[in-house]
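Engineer: Residue numbers (the numbering used here): 33 to 502.
One or more hints might be untrue.
Unchecked claim - So the derived label-pair ranges between C-beta atoms look like this: (1) Ser453 x Pro210: 51 to 57 Å; (2) Leu226 x Ala72: 39 to 45 Å; (3) Tyr385 x Thr69: 27 to 33 Å; (4) Ala446 x Val342: 45 to 51 Å; (5) Arg292 x His191: 23 to 29 Å; (6) Leu355 x Val295: 42 to 48 Å; (7) Ser193 x Glu76: 19 to 25 Å; (8) Val350 x Ala454: 39 to 45 Å.
FYI, nobody ran anything at the bench for these hints, they're computed from the structure. This structure is a prediction, so every number in the text was calculated from the model and none was measured. Using N, Cα and C, we set each Cβ at its ideal position, and we do this for glycine too.
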Amino acid sequence: MSKRGSGVATFLIAGTAAFMAALDTLVVTTALPSIRTELAASLESLEWTVNAYTLTYAVCLLAAAVVGDRFGRRRVFLAGLAVFTAASAAAALAGSVEALIAARVVQGLGASVIIPLTLTLVVVSVPQERRGRVIAGFGAMIGLGIALGPWIGGAVIGHGSWQGVFWINVPLGLILLPLAARFLAESRGPHDRLDTRGVALVVAGLFGVVFGLIRSTTLGWAHPQVLAPIAAGALVLVWFARWERRAAHPIVPPTLFRNRGFVLSNVLALLVQGGVLGSVFLLTQFLQNVLAYPPFEAGVRTLPWTMLPVLVAPVAGVLGERLGVRGLMVAGAALQGVALAWFAVVVSPAVPYALLLPGMVVAGAGMGLFFALGARQMLDFVPPAQEGVASGANNAMRQTGIVMGVAVLSSVFAATGGYGSAASFVAGLRPALWTGSAILAAAVVVALLIPAAPLPPPAPPAEMLAAAES
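Can you make the complete structure from the sequences, with help from the hints?
Structural biologist: This is the structure we're talking about:
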């Protein structure tokens, strides 16, 4: 890491920060029983220790990307990293569940800055011919952070206290801050002026939709507190889309939504994230509640699923450059759909782990393909000047997909089963897994409809020379 803007330095710093922020999506789930006991938290309060982070994270992603484009991605990233680190310490020190939820809100705000800006900082730091492999590795780190959350949380809880799941972020953040200030290069996007009305509309619209989806898991889809915010949020997002068509400095250039490749890549991200991670949410509980594995042992048994992307992602990056991204994305969605169908067939109150293992391996391979190539595919349809806001939009769709998937599959689970007994849990889990598999089947269709990515223009001699020197 010898010079500012070095591709290797940027990847290591940004990738570690993104992994840390992605980890906090699910890491707290295994700490909930301890939090309930120590802080005397109600069931609804426990849900909000998870949802408070998800809500601000999903809602502010696109706005954070625009602010980074306007005021400098490195500068805004450093602010987001500092906020995330401080909020992690505040969560660990929380003496009440209300203080913990407030800290989680601020944590989510910091993560909403980190995730889109780290991807853009990485992309602009490497030459075009190396971009595919770098994005593949970066996507795998984010996916791995989400997938490993329950396992790392279980390991920390098993050898310490619930506060540890938040303290682990603090030394990482304190190490990354000076390194980022020293080695990351500053870059900006095309937003010379900040469209404050557009930012307000997109934040308000996403808040309504995501808040309604979160509430649906406990209140049901027909409750006014679910339908009203979703409907209001959708109307505000329509208003946002109409405003963007005539805004002098639109947040999301309308031309992006006339690009079939960009739109379908985002729909694919929504479906895959929803189908897979909604299923992961239930399957991790199945291992603990039905098969009676302690949190750490349950996490160990998911490692074939969660660690395989580390092996698949580098290979996927190379194959994507040689074979094309679209075919591999179809394969990735299909493998994950097949794995969920396998789980739906074999789950039972006494299923041996050996029967679950093939599904975990297949799901891990598919997850590795998707996380490695999803962002790469989307950026292939985006001009370089719009990569920051495109990354924010794509990450907002991914996070909304997670919330939607958990809400939909949890509703299916609750309608056909419950937590009363092992048999009741399996009765709800099986149709939920079939639903997740159907969502992945729809994702396969969407992936097939995505056009082949346009080939990049040949680099001028000066750019080729600079790339060779780097």
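Engineer: Hint by hint, note whether the structure agrees.
Structural biologist: Evaluation of the provided hints:
1. Between serine 453 and proline 210 the beta carbons are some 53 Å apart, a value that agrees with the proposed interval 51 to 57 Å.
2. At about 43 Å, the CB distance of leucine 226 to alanine 72 agrees with the hint of 39 to 45 Å.
3. Take tyrosine 385 and threonine 69: their Cβ atoms lie about 29 Å apart, and the range 27 to 33 Å holds.
4. In this structure the hint that alanine 446 and valine 342 lie 45 to 51 Å apart at CB is violated, the actual value being about 34 Å.
5. At roughly 50 Å, the beta-carbon separation of arginine 292 and histidine 191 lies outside the given 23 to 29 Å, and the hint is violated.
6. Taking 42 to 48 Å as the suggested C-beta distance range, the pair leucine 355 and valine 295 does not conform, at roughly 24 Å.
7. Separated by about 23 Å at the C-beta atoms, serine 193 and glutamate 76 satisfy the suggested range of 19 to 25 Å.
8. For the pair valine 350 and alanine 454, the beta carbons lie near 44 Å from each other, so the given range of 39 to 45 Å is met.
Hint compliance for this structure: hints 4, 5 and 6 are not met, and every other hint is.
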